[in-house]
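Student: As a plain string of letters, each chain reads:
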Amino acid sequence: MLSRIAESLFWIGRYVERADGTARILDVHLERLNQMPLPQQRETSRQLLGVMGSRPEQDDIDLSDLLQALAYDRTSATSIAGALGAARENARRARETVSSSVWESLNTTWYGLTQHRKDVVGTYRFCHWVVERTAMVRGLSDTTMSHDESWQFLVLGRSLERADMTARMLSTHDVHAAGLSWVNMLRCAGAYESFLRTRRASFGDQQAAEFLLLDRLFPRSIVYALSDAEKCLTQLNPAYQRVGFINDASRIVGQARTFLEFHQTRDLMSELPEHMERVQKACARASDAVSRTYFSQADELSWVGEVS
Amino acid sequence: MSELFADYAAAARKTPAFDEMFDPGQFPRTEYGQVAAALDELNLADVTARADSMARTFLDRGVTFDFAGEERPFPLDIVPRVIAGSDWDVLERGVAQRVRALEAFLSDVYDKMAVVSDGVIPQRLITSSAHFHREVAGFAPAGGVRVHISGIDVVRDQQGTFRVLEDNVRVPSGVSYVLENRRAMAKGLPEAFGQQHIRPVEEYPRRLLAALRKTAPPGVEDPTVVVLTPGVFNSAYFEHTLLAGLMGVELVEGRDLICRGNRVYMRTTAGEQRVDVIYKRIDDEFLDPLQFRADSVLGCPGIVNAARAGMVTIANAVGNGVADDKLVYTYVPDLIRYYLGEEPIIANVDTYRLEEPDAREEVLDRLDELVVKPVDGSGGKGLVIGPDATRAELDVLRAKVLEDPRGWIAQPVLQLSTVPTMSGGQFSPRHVDLRPFAVNDGEEVWVLPGGLTRVAMKEGSLIVNSSQGGGSKDTWVVDGEVRGTAGDDGPRERPAVTVRERTSVWPIETNWQDKQSEQQQQ
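Protein sequences appear in the order of chains A and B. Count the first sequence with this note's numbering and you get residues 39 to 346, in order. Count the second sequence with this note's numbering and you get residues 199 to 720, in order.
Treat the hints as calculated values from the structure; they're not laboratory data. Keep in mind it's a predicted model, so treat the numbers as computed, not measured. Every residue, glycine too, gets a C-beta built ideally from N, C-alpha and C. Hints may be right or wrong, so weigh each one.
Chain B stretches covered by chain A per the calculated footprint, using a threshold of three residues with CB under 8 angstroms from any CB of chain A [to be verified]:
1) 254 to 263
2) 458 to 466
3) 622 to 634
Between beta-carbon pairs, the in silico distance windows are [said to hold, decoys possible]:
4) A:72 - B:385: 31 to 37 angstroms
5) A:152 - B:405: 56 to 62 angstroms
6) A:170 - B:592: 39 to 45 angstroms
7) A:302 - B:420: 33 to 39 angstroms
8) A:69 - B:492: 37 to 43 angstroms
9) A:72 - B:431: 27 to 33 angstroms
Just a few of them, taken from the derived set where beta-carbon distance is under 8 angstroms, the chain A residues facing chain B [to be verified]:
10) 39
11) 44
12) 133
13) 134
14) 142
15) 145
16) 237
17) 241
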């Protein structure tokens, strides 16, 4: 398939997942923010923005600025509207490759972005709607596209972004002075019920973080997402299986995953920020490596002579 | 008729145009029988609801055109344009004939120019055409076809006779709307489909792909076809994606292509892959910065040389613009006689060649009665309709014509035929044209039954271009009513459908469903 199309698919996967993750995070934090006194609300909003990767322009930002930056700002790739707009634009460019139902659901989502009230209450509904729409896009791409190379690129982008988003989700734990309760963190990832059923009696921050970080069976955990990404990379380039990794991206993702899996610690909570930093870096580097390997285009048009 | 047609007769009488749905006595013509019956059942609320749902579907599916950087849905009217099968058969032959003549003309122009030495058409007329490209003279394209895809615009005059308005053999667009309109109409006006046979349009992508593959460079076993688009900001981008998708081929941009050693490759995730046939949807001038505009980043350097070396087929061939020059258009009837030895099946619209002093004089006298068009324009650009123009506009036009007589033609104002169109809560007559599409694979010219009907949405307006507020109608070629079983050759034997009565269910208590209904009643 065309490199340009592969790149678009990779980014559709990333942006859709980003919108989903941001909506989940915003939903949970909004609940907390609403109950805070104003100065604290400002401070927390600012930090939250930082974790989500957008630098606030002015120092004192209020709730509506936060909503604008994370939900409705169409010009920023870190907001929900921006991510969904970018996903739709990429789908438009790769329209003949994605199935028409995937394109239509992204397109309809894009047209639906403006149909929400932009106050706090409206944002709850908006987040819920985004979670639903992105689930629909994921479901349609899984059931209506052949699981060939193009789909692998989509899933690769999705998995890397998911690992990144879960890492951010866990980082937001420290944003609140009292720490975001583990219940909320799990709700954020939709992992509450799974966690309860797995862990039975042992509740606590440590266990919750462990679950979202290391659980091998829960699809939104970092280890699970990273091993999904690894699988895609192997599928995309099945040639080297005997020794080592020729592929940069596979190596980076594999290292990050094994580091988490084999790391032994007594106090996971104090190491959490460091881990999260590492995962996010790995995701960014892996993404770059994928671009270099598969999407590299000549920087500009050049004439390659008659005979060469 | 329904109340939606209440004022139709009065509105239709105001214009001398031929109405396609109603005869002068205001009775629906035979071919419109089914449509009239279906519309009769509807009231305003029905029509509005259906029109809204059709527009919404178009927006969701992204059936849009790009207008000034904004995506707009292409308005589709709920009343189809119907052409009787017998009328269509003539039109179809006429279009095919024209395409064959233009094909012969182009291969002659870029070769020996016998048409000039035989005195059919003056040489200066060809060489002065803005789209005559010496860069592609002197070689036969791989596959031997130049006009793979064409759109011949026809209109019906006041008598209802079809006439050719212009030829499009460069990059004719609009076929995607034909395909999408039919899908939308099947949902929007299902009542009109049942009782009659409407010739299907969905085989177009298959025909196109077959023709493109057939004209691949010789010796290529399994040709790779691509569609070359200028990119997502092009007004017809939707069409490019649709055609590439329906043909199952890659949609490439110039930057995806690379020419090396007179071969064309595309950059894929698995390295470079050879390309054999390029369905070109960008203008010649932007195709190859080596040959044409050096500042173009839409094309790919070296592509024309590859075509000259016979390593790649470009469809439509570079340089086709000389055949749809509007001044050459006036010679097409002569070209048909010259190359094919046949009489033209569809006539041209009477046209003044402003180069000829007598004609120019007459036209300049009657500028306010005529339509004046630039010879190399498309999409209605630069066209001036005399009766609608102001004094100042006419003066500007007069100066332009005197400065460059070769650049303009003049035609009488044609009252294009009208078809009922939803507007402001009722149906009223609106002017339409028709663009049938033809696919030429070198042996046979296939004409898509129907084609694109564009409609001017403003009352009395004669400009149907989408960029100037035009909409479209689904175009049906209808072969009379589907006959009942009595007249048929007898029912065909069909294998009976096996009925499988077993359905997998989760074992439930036998009285579960009964209970549920009881509960609901309570």
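Student: Going through the earlier hints one by one, which of them does the structure break, listed in rising order?
Tutor: As far as the earlier hints go, 3, 4, 5, 6, 7, 8, 9, 16, 17 are violated by this structure, in ascending order.
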